[in-house]
Amino acid sequence: MTKSYDVELHQIRKRFGSTTVVDNFNLQVERGECVTFLGPSGCGKTTTLNMLAGFLEPDEGTLIIKGKPMNGVPANKRDLGMVFQTYSLFPHMTVAENVAYGLKLRKVSKSEIETRVRKVLDVVKLPHLTDRYPKQLSGGQRQRIAIARALVTEPSLLLLDEPLSNLDAKLREELREEIKRLQQEIGVTTIFVTHDQEEAMYMSDRIVVLDHGKVEQIGTPEDIYQQPATAFVHEFVGKSNGFQAVITGGDEHHWRLKTTEGMTFSAKRNDRLYNSGDEVSVYVRPEYISLEKVGSMQETAEEAGVNSISGTVKLLSFLGSFIEVIVEAGSHIITVRTNYSPIISFAEGEPVKLSWNAYQANIFPRKEA
Amino acid sequence: MPQLKRSKGLIAMLLLVPGLIIILGVFVLPMIYMLMISLREDMGRGAWTLVSYAHLFQDSYYLEILWRTVKLSLYTVVVCLLLGYPVAMYMAQAAPKMRGLITFLILSPHLISVVIRNFGWVVILGDDGFINNTLMSLGIISGPLRLLYNELGVVIGLTDSLIVYMVLAISTSLYAIDSSLYKAAGILGASRTKQFFSITLPLSLPGIFAGTTLVFSLAMSSFVTPALMGGTSVKVLPVLAYEQMMASLDWSLGAAIAFLLLGSTILLVTIFTRLVETKRYKEVFSS
Amino acid sequence: MIHVKKRRPTVLGIITFFVVLMVVSPLLIIIPTSFTSTGALRFPPEGFSLQWYVKIFDRPEFIDSFWFSLQLALVTAVIATIIGTLAALALHKYKPRGAGMINSLLMSPLTVPSLIIGIAALLFFTRIGLAGTFIGLLLSHILISVPYVVRLVYTGLSTFDYTLERAASILGANSFRTFWDITFPIIRPAVFSGMVFAFLTSFDNVTVSLFMVSPSTTTLPMAIFSYMQESLTPLVASISSIVILLSLVFIFILERVYGLDRLFGSNSHAH
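Residue numbers (my numbering), protein chains in the order written: chain H, 9 to 377; chain A, 521 to 807; chain B, 1304 to 1574.
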């Protein structure tokens, strides 16, 4: 190995009974990086986190933290920090006692415990709560204390298990900002588990998208959004319009295809090769589709590499910074997101033309249903 | 991981060992040994025999005692049900604080020895006790009523100590009734009485049945109350078993009486359960 | 809630009042009776004197059996609490194979009448030489107390959040520290209630003790029981009053720490 990583997972596999919950998981995390495990429930993200924490042992593969193999090492000997979804503050201890607990176990001197507890409570901006009990705190305060408790031991790795999902929306945004700031300031290597894609995008340097125990894609938030590696990633991250289609031909830049409803599209070529007759799925993000009034001045002529279809506006939803328009085109229902403009407004029932560039359509082999 | 799982099972077993030793050594083995003694000659070591049981079933003296035990237990169940149901209903309607107070008042005497409670009843029911003195001073009666050392005294004592089980069993099932059912019934035009018979009573059947079987089995095996409040004239099976064990020292007969008591209780409870748990009842209440 | 009617005493309210009175009055009536100045056991009592309290000291069997019962109940409570707590932890935390069966086995002494348990234990203990010994008596009391402790601690654990144990272990605590620092302090009220309940179970018991006691190991309820069968004097009232007051202290502690209704809550197989 030329480069040293803080966390290395090599071909981790875990079964519960006959179901494989984590399958061949490989990952290297650099020092100071924040990596998020993202996926729907049951995708194996929490299981993997529990294996990192030492609550579960992998059936196969090696797990290395700071260069030391961790297989068989119990949780209490791994020197980790962890924040749980349910806060998990010890109800019979005050805030100060909760935060000090890990230091006490490490036999740190009393005076040093006091200074470090005070310092970390300053960092999470709750220095005045030392003598309160967890019951007397709000959800957001509890989670800050839990973060303080996890950080005070200066762990080699910080594990965050859906730490924000028990909080309400406003608090969630506030706290995720705070966690990101802390993570960057302290520079602690962090693994973050969530099912919330926005949270994942916001928090992470890299995202690992998981489904059914398999890694679908590892990449920066931008990669994940713009260049989804699989149909699952495209559907799971962000909004997508999906079409079932068959390859009918292509040139060096594009594939030509025909949807099951009979429309013809072109889509950009990627690394994958298809033959005529291959069944594929095509995805286009709603914000890449432009919407025009039929017969308007701006109506553009058909050009190569541009797909265009006509349809009728079914439903308009004003969502603040943008408008979501549901358009019925033949038997397709297509979602379009367009910037709100007071000049061009659409009405429900109005005929419209939809168009998007071929390079903004992603095609994947058809998923087995 | 396989080791982890095995070690977890091992820890569990280690933690369970002391408890299981007590249960096996002081309960399961003794029960088996007692069965042997009742079924074999020479303190469980000789030939197999049913002579102790035959003795019990051939002598009308024992059967009479069995019948008296069953009869007194049934009386107790009926009294507990008639008095306990209204209490449970009252608790179901009461505010939480009141409910807590009643629960406390009927539960806490239960934590004081039955010997002492029975003594209290002697003071209340005796010839020179509270009731007789009150009635005589009011001139309602001229001589003391016999309230103690007969079947009445035993039923009073048993009701006092067992009604708590009936009340708790029924109130638990009453608490579980969705109050919107009464609104629905009221809107449909059902009167209070009608609501009681079409909602409250049928939905509290599980509580009634649980309370009935519990009170019945506890009454069948109670020893102290019949001994202290029934006197020598109201002999029941547990008292008989005690006499056989400690006075007559006929241990194989004592063991047989113990099993007669256990067996008849289980048999009667099973018959009761079979009778009341109709197909429809099971469909409604099986979880 | 059915129909909340306020103020006007209802039929249900009146019946409830009488039932509560019926349950409480045997205990309440004992206390004034104990202060009677005559030798007759009658109510209402005549005069006022403390002579029946003084007379307790003439009967060493009551004093001795009182101390003996107290010690027996204490030892029973401590041992039953340890055994029962370990078993409840094993069942709730580790959920071993056959947990349901083991649980019913642990609860089985509650499903068989204690009179029968007493007879069986007497027969078996006679065979193995424990009959009439302190150990035999103690073992039988532990047997009937353990199920209560198991049930109370198990119920206490049902609201325990095991991620707290994970939180402690990730902070560096081994399983022993995790238990002492986290799990035990949190389930302590349930364990303590189990202990008080075990104490009272032992302290009150007659039906099992009946077959276990010997002249040198007589419990207080047994002494009162035997005395009552021969003579009924206000002496029983004075002794009982002391026991009632002592028990009330424990009952209030139980109610404070745990809530009495939870002790009896949802039990289809009590006793």
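Worth flagging that the hints you see were computed from the coordinates, not collected in a lab.
Do not take every clue at face value.
To be verified - Partner residues aside, some chain B positions facing chain A, computed with beta carbon under 7 Å:
id, residue
1, 1336
2, 1482
3, 1491
4, 1527
5, 1536
Every residue gets a Cβ at the ideal spot worked out from N, C-alpha and C, and that includes glycine.
Comparing the hints with the structure gives:
1. 1336: holds, 5 Å
2. 1482: Since the shortest Cβ distance to chain A is 11 Å, the answer is violated.
3. 1491: Nearest chain A Cβ about 18 Å off; hint violated.
4. 1527: holds, 5 Å
5. 1536: Cβ of residue 1536 of chain B sits 11 Å from chain A, so the hint is violated.
Hint compliance for this structure: hints 2, 3, 5 are not met, and every other hint is.
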